[in-house]
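Enquirer: One letter stands for each residue in the lines below.
Protein chains: 2
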Amino acid sequence: MKFNDALSDICTKKNSHLCVGLDVDLTKVPAHFNNTDDPLVEFGKAIIQATSEYAAAFKINTAFFEAYGVPGWQALAKLSKILPDDVIKIADAKRGDIGNTSRMYARAFFREMPFDCITVNPYLGHDAVSPFIEDEEKGAFILCVTSNKGAADFQYLEADNKTLYSQIARKVDRWNESKNCGLVVGATHPDEIRKVREIAPELPFLIPGIGAQGGDLELSVRYSMDKSRAAVIFNSSRGIIYASQQENFAEMAAQKSKQMRDAINALK
Amino acid sequence: MKFNDALSDICTKKNSHLCVGLDVDLTKVPAHFNNTDDPLVEFGKAIIQATSEYAAAFKINTAFFEAYGVPGWQALAKLSKILPDDVIKIADAKRGDIGNTSRMYARAFFREMPFDCITVNPYLGHDAVSPFIEDEEKGAFILCVTSNKGAADFQYLEADNKTLYSQIARKVDRWNESKNCGLVVGATHPDEIRKVREIAPELPFLIPGIGAQGGDLELSVRYSMDKSRAAVIFNSSRGIIYASQQENFAEMAAQKSKQMRDAINALK
Chain A
0 MKFNDALSDI
10 CTKKNSHLCV
20 GLDVDLTKVP
30 AHFNNTDDPL
40 VEFGKAIIQA
50 TSEYAAAFKI
60 NTAFFEAYGV
70 PGWQALAKLS
80 KILPDDVIKI
90 ADAKRGDIGN
100 TSRMYARAFF
110 REMPFDCITV
120 NPYLGHDAVS
130 PFIEDEEKGA
140 FILCVTSNKG
150 AADFQYLEAD
160 NKTLYSQIAR
170 KVDRWNESKN
180 CGLVVGATHP
190 DEIRKVREIA
200 PELPFLIPGI
210 GAQGGDLELS
220 VRYSMDKSRA
230 AVIFNSSRGI
240 IYASQQENFA
250 EMAAQKSKQM
260 RDAINALK
Chain B
0 MKFNDALSDI
10 CTKKNSHLCV
20 GLDVDLTKVP
30 AHFNNTDDPL
40 VEFGKAIIQA
50 TSEYAAAFKI
60 NTAFFEAYGV
70 PGWQALAKLS
80 KILPDDVIKI
90 ADAKRGDIGN
100 TSRMYARAFF
110 REMPFDCITV
120 NPYLGHDAVS
130 PFIEDEEKGA
140 FILCVTSNKG
150 AADFQYLEAD
160 NKTLYSQIAR
170 KVDRWNESKN
180 CGLVVGATHP
190 DEIRKVREIA
200 PELPFLIPGI
210 GAQGGDLELS
220 VRYSMDKSRA
230 AVIFNSSRGI
240 IYASQQENFA
250 EMAAQKSKQM
260 RDAINALK
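Read top to bottom, the protein sequences are chains A and B. Just so you know, we're using numbering that gives the first Met the number 0 here: the first sequence kicks off at 0 and counts up by one. Just so you know, we're using numbering that gives the first Met the number 0 here: the second sequence kicks off at 0 and counts up by one.
Rather than coming from a laboratory, the hints here were simulated on the basis of the structure. The model shown is predicted, which means the values in this text are computed figures rather than measured ones. Possibly wrong hints are sitting among the right ones.
For chains that are exact copies, the list does not tell them apart, and a pair is met inside one copy or across any two.
With a Cα cut of at most 30 angstroms, we get these calculated DSS-like pairs of lysine-lysine [stated by the list, open to error]:
hint, residue 1, residue 2
1, K12, K27
2, K148, K1
3, K161, K257
4, K77, K44
In isolation and in its complexed conformation, chain A is listed as follows (with noise of 0.2 angstroms):
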């Protein structure tokens, strides 16, 4: 099946729009993990099992198991592999290089690792990110809007009238001939959200920024769905992993992920 449509699939399926981001920070898991084997497989792995029933997606964040060295990638290895079947499994890598580095970097999160999808930064264009995309059960979500301040360096600059983020919109809606493109366009910038639905209703939105970042739920709903068919998953990564550093974290976590997935549904 196309990506697109396992995405559009298990949202309806899970009746859910929830990704949960597994920044995994050992300076903020609770205490006695860090008296464990393997903190970060076994705080990914309770945060997985809690918070899996509410969650269309899981994104896992490679900086923050690189961070650790060796150890942090064999963690990154063995969580990708007990994520869920009923879940969208992001690598939230931000990857993307020249055609014959970018095709090393697909296989190592789509073959070595069995991730459906990865973040792709487009400043390299089209043969970056065509290794991702060659496979159309495989997608790519490409960095369009991002959620942090520095997006008005260079994604805010102007060219005949069009801003960069949305001639890259338009690019990306062309690269879509598989039904395996997304766009990542932050909460924290609601009227881009617009913008970019605007340029491309069949492109699945990926919407980080609504937890700790602040981002404004209500509008980047109404924005991105409103006038859309197209599947759009939001993520918390701190606002879930992080609801409790007590012994009741996981408990914490389902209730935080069960609310935001309700909030995204009320909505709607």
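Start from chain A and add chain B according to the hints.
Expert: The following block gives chain B in isolation, referenced to the frame of chain A:
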């Protein structure tokens, strides 16, 4: 010592502007390596030994290690630690994410591994780059004009008669407060090297594309070095490390890297 000064010093001391790129593809290494326990490391080590006399820098392309899963990341970590002290150690990782995430990548490459600098994608703006340049001894080469065909998709978009890549060069020139920023400008685009050098006379350049990608060495040297005292390094990967796939691969790699070093020195 500030990163940019350290780079200049090494180029002077070694009388070299050559960067050897370690893009180790096991389908291209001499057959006998595939009988060793750790062919990625063994081949890499042999190339380092054969070429380090002629190289100012080594650039390890992370994709080619990630593609081999956990053993690949282990090999990356090992290789990074056996690079000699008299070269600049570049992680060609093309990372870049929101601040808290780039911080984790900086930890991966600068603390877990002993790289001196990293290639960074500028699309997410200043806060994505800043964790890599907080320590003046560590540096970042920020993508400006890449050597691939897809470079034309976005890098040449023009606003107010200024291309995106030139706006990036301008910003990076301002971010260079600690003298530890450089730019990646592909040898496949010599005219752009000229333009970027005018914008940023003091920034080091990392110039890929002179080998298998067919960039113009003569113009690249002239336009990057004629009117600037900033350090410039030229990367060749495939042209050196796969100069021969026979038993004499190391000898040939040494010969090719010496030729390349001398060719650059003769042109400057």
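Enquirer: Does each hint hold? Answer for all of them.
Expert: Here's how the hints hold up against the structure:
no. : hint        : result
1   : K12 / K27   : neither (33 angstroms within a copy, 45 angstroms between copies)
2   : K148 / K1   : between (34 angstroms within a copy, 27 angstroms between copies)
3   : K161 / K257 : neither (39 angstroms within a copy, 48 angstroms between copies)
4   : K77 / K44   : both (10 angstroms within a copy, 29 angstroms between copies)
When the structure is compared with the earlier hints, violations turn up for hints 1 and 3 and for no others.
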